[in-house]
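Visitor: As you go down the protein sequences, you meet chains V and X in turn.
Residue numbering for the first sequence follows our numbering, beginning at 1 and increasing consecutively.
Residue numbering for the second sequence follows our numbering, beginning at 1 and increasing consecutively.
Mixed in with the good hints there might be a few duds.
Stated by the list, open to error - Result set (DSSO-like, lysine-lysine): computed pairs, CA atoms no more than 27 Å apart in a straight line:
#1 X:K251 / X:K146
#2 X:K251 / V:K35
#3 X:K143 / X:K233
#4 V:K216 / X:K143
#5 X:K124 / X:K143
As the list claims (entries may be wrong) - The calculated label-pair distances, taken between Cβ atoms and stated as ranges, are:
#6 V:H281 / X:G41: 38 to 46 Å
#7 V:L123 / X:L248: 30 to 38 Å
#8 V:F130 / X:P30: 44 to 52 Å
#9 X:M170 / V:L389: 53 to 61 Å
What the hints contain is simulated information worked out from the structure, not anything from laboratory work.
Note that the coordinates shown come from a computational prediction; the quantities given were computed from them, not determined experimentally.
Quick reminder that beta carbons are idealized off the backbone N, C-alpha and C, glycines included.
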Amino acid sequence: MEAKTWKNPVIAWIDYRLPIFSMMQADLVDYPTPKNLNYWWNFGSLNGIVLVIMIGTGIMLAMQYTANVDFAFESVERIMRDVNYGWLLRYMHMNGGSMFFIVVYIHTFRGLYYGSYRAPRELLWIIGVFILLAMMATAFMGYVLPWGQMSFWGATVITNLFSAIPLIGESIVTWLWGGFSVANPTLNRFFALHYLLPFVIVGLVFVHLWALHVHKSNNPLGIDVKGPQDTIPFSPYYTIKDAFGLGAFMIVYLAFVFFAPDFFGEPDNYIKANPMQTPPHIVPEWYFLPYYAILRAITFDIWFVPAKLIGVILMFSSILILLFLPWLDRSPVRSARFRPIYKQLFWVFLADCILLGVVGGHPPEGAWIPIGQAATAYYFAHFLIIIPLLGIFEKTRTPPTSISAAVTPGGVGTKIKEAAE
Amino acid sequence: MSTPMNKLLTAAAVAAWIGVAAPAGAAEAPEIPEHDWSFSGMFGTFDRGALQRGFQVYREVCSNCHSLDLIAFRNLAALGLSPDEIQAIAEGYEVEDGPDDEGEMFMRPARASDYFVPPFPNEKAARASNNGALPPDLSLMVKARKGGADYVYGLLTGYEEEPPADVELMEGMYYNKVFPGHQIAMAPPLYEGSVEYADGTEATLDQEAEDVVTFLAWTAQPELEQRKRMGVKVLLFLIVLTAMLFALKRKIWSDVH
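So here's chain X without its partners, still in its complex pose (with noise of 0.2 Å):
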């Protein structure tokens, strides 16, 4: 097989030549720093301490102009808060309910089994607020971008105040190294300084888009942490079968070969 396989690799190695060669005309995107993460490689999980500081970051900040659709306050007890906390946060919401007995719509206090309250009625009224542009839900935001994690922390902390030269930035367009076209509506969300966090971390910049973009890479794959345990057993388990499997064939194959 080591002749064809060479061939193969020859082959791939030339397409992939051709293919670092040829593009002139694609357009070019921007490079995103990476970044190291508590959640990322096969044992991965999130840091709790993170997480809650940046669902804080997400409460004060985002929360006014991004929602929040595909989660629910009771999911917030992943992040280590206990049944009481939750049932205080969910309170601090109103939600509209019914009708009554009366056939009416009325207003309530939000439980834990609802989910977050969007901050416009509709998209209309978002853009309406936003000088025309729709702030996007943030759920599945860290999925829903290439380079994940590392894009949004690289758009949080991508701003720069004095545009290239050679960029004519548009009314109300912010520049940013990281947006594709590095014009984007959204102002800078995050400074030194805009939130105070409750556990006493400072909060910087870089502090403040770290803590975010994990609580986001949570509210985005909520099963993270259970997947990458059941995997590492499922592996080992196959991997030891499989060389089970290996050895029983070698055996049942010796008289043939």
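Isolated chain V, as found in the complex (with noise of 0.2 Å):
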């Protein structure tokens, strides 16, 4: 960090003996950005943002809100009938959630395609991972709290997945209910880690910052900066790209939260939650879909092992493989613009991880469970088979030298020279 002289002599004095000023300058302002990031680049500072939203309307919420399972669903209700603006905090937050989901599939799917998850950036992606994983459990806790009968049944299935796990299973189960089923001490303690979460996901982001600043960001090319002719400061370029990006955003977002603000949620849970009255169809929220699909493949044991465990297995790994990925990939570059097979089969993926969601939102029953353990088993080969091979035996092509060779001043872009290669 290079000291800087401030002329504002407070600023001066603080930053003398706290350098905040100096590292929000070289941090924010300063700090050296490839100058070849594309529009996917946008999604990181929008995850950051979305998350301040959520805490922001979160907080507001948990004034009104009254964790009990005699009163949350009519405390929900009561938000959205008889506090001020009730309804757009709470419709800001519930999409809120639906949208954070969608920034960061497209965010990880950035780093996939890219490879933002190669040497020397593998704590980077780990960290993002575990985020993901906090996520994941704050939204399904949150999702318990307006107590319908989606968030009781949900929560009733996905805690009961616990009771999988030999002999122990069981008390487990117990004990994360702090009872012998769903019921208020759930409901509460859902409520105090939903409170909880969020601000460890805040923590986790700063450590995913500090690993990233080591680093800098990769770019569209996978290579790395070779000097300052490659790169450019992030503000105002990057501040600016960003704030445009927030806007196009927002104007998605708020398009659901003033005219289609249930277009993401399940009927059912406007109805209150009945312990004695099991929904037709007990499905999780959509970002969810794909790892109900993965857990349901499994519809037979292996030996000794119950299908069951196996699923629960399954679902959990499906996320957890994610953190071997760095050294499952040995391919010699990082973007999949010079790797001409991965970059096919990358959308192949995706298509298979988008055929798992919809095979989660139907029962599991006919044509779905065969196409469910087809695409299970497709989703592992890519990590466990097809990305080592093709680290191996892919032809790849050889990327540009450096950055500013590849993206030459006057408006030559790196799609006209890829065209031409």
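Assemble the dimeric complex from its two separately framed chains, guided by the hints.
Guide: Right, here's the structure in full:
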């Protein structure tokens, strides 16, 4: 961090003792950023902003919400009807959850496409996987709070998964519930944890950014920054680009909030939780559907291992496998731009994930069972077979020697160069 | 970006095709006919006449069995009713209050701040009076069913006196085209002339159903008009702001490209 002399004496005084202004100058203004980042790189900062929106609306909702099985549903409706702009807070929070997952999934798939997880950014990637896990836990518990039918039965199904653990499973489930079924103690602890975990995510985000700022952003070419000619300062170039991206994102997000606020929701959650009546079709929120499909894919025991346990293991493995991706991928280049086969298979993998989501939204019967099994098998084969083999056999193209060589001044960009190759 | 985008679309198309081709065993959902609502669309508002007529239908027909727990009499101001009219409606209901200075609970006429009085004191009483079935609360009904307003309208107008030949109705059940499983415990609630509209509108079955569904759409989302009005302004502002940010971005980046 270079010492900078500040003209304002107050700032200079503080900065000499606690170099917070120098840090902001170095990490938010001067921060050297590859000059060729495309719009897929907007989603990192968007994630941060959505997190802030979620915490802001969430704290205000918590001031009006009652975490008790007798009042939770009514207190949410009271927020919707009697609290000034309560409907806006609640719809922003509810749709913000879906938007958060859309943005984080795009951010993750951008990393997969351009090889952002490769050395030296393995830890950056791994921290990102932990952020995703923390988000999933937060979202799951948040969905329980309105105490509708899907809240209750979703919580029952998902917490019951832990009963698949041999020997101690049943005890763990009782411990999680704080009783012998999903009930008031469960709702209370879910509320406490739903309030806590976002701040854990904030902490993880800072570590994520810390790791990012060591080796700086990857870029669409997947090659290292060779010198100052390859970079531009973060401000004003990327601050304005991120601001424009934020504006575009807010249009989409708020269009849902104001005109289709229940688009992502389940109608059943407007029915108050009733432990005596199971809904005909229990589904999680859309962003969990692919994992739900993997969970239900296994319909057969393997030796002495029951199907349910295999499903649970596979579901958790589907996320945890991402932790090993930096070492599964041995390709000599990072970016899919120079990997003709991976470039195709990336889209096949994305289609497979979407297909898993479709399967997860249907009852496990008829043709959905073999389709779900095939899609699950492909999901794991992508990581365990395809990516390692591609690292050995794929004929990669040679990336340009530097970013500035690829992005020549005067409007000739990477695309034209790519087309010429 | 064009080639990856094309591939994404192809992939989505493949997924959609598999989605369409596959559901052999999926339970078929009855088709819900679409209806044109005053409150749909970006600029939709509740037709005040339909709201007031719908309230009349609720009060004279539905409220005999169905509660409306989330609505207070004061909320009826949104229907275009005056405070005096609301007061008069509230006074038609008796609510329990107390304890008084002697420690006794007592009944008094409802005030505007009170909530609608449910027709049955508890679930057991409701079931006992309805052949074992529980009439659900209607406050959120339009949001709580797939298909929303169209579904509720389809249900109210979807009764058939004679079920198809292959359907065997259970004791005390009625055939409904739209209800999942087609057997519903609620007798057809609305007929031509079930109510006599105060404003002289002809009380056909379709009219009654449309009015009461409009009323229930309001009880489910009383914020709808404010939400849409605000949404139009917010989106217009954001579109202008984003366009300006884009122009600024182009200007700032002009020396890099």
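Visitor: Does each hint hold? Answer for all of them.
Guide: Now the hints, each set against the structure:
Simply put, X:K251 and X:K146 have alpha-carbon atoms about 48 Å apart, too far for the 27 Å limit, and the pair is violated. Pair hint X:K251 plus V:K35 holds up; C-alpha atoms about 15 Å apart against a cutoff of 27 Å. For the hint pairing X:K143 with X:K233, the CA-to-CA distance comes to about 25 Å; that is within 27 Å, so the pair holds. About 47 Å separates the Cα atoms of V:K216 and X:K143, which puts this hinted pair outside 27 Å; it is violated.
Restraint check for X:K124 and X:K143: satisfied, since their Cα atoms lie roughly 25 Å apart, inside the 27 Å limit. Between V:H281 and X:G41 the C-beta distance comes to about 30 Å, which lies outside the given range of 38 to 46 Å. Evaluation of the 30 to 38 Å hint for V:L123 and X:L248 yields a pass: the beta carbon distance comes to about 35 Å. In this structure the hint that V:F130 and X:P30 lie 44 to 52 Å apart at CB holds, the actual value being about 45 Å.
For X:M170 paired with V:L389, a C-beta distance near 59 Å keeps the hint of 53 to 61 Å intact.
Checked against the numbered hints given earlier, the structure breaks hints 1, 4 and 6 and satisfies all the rest.
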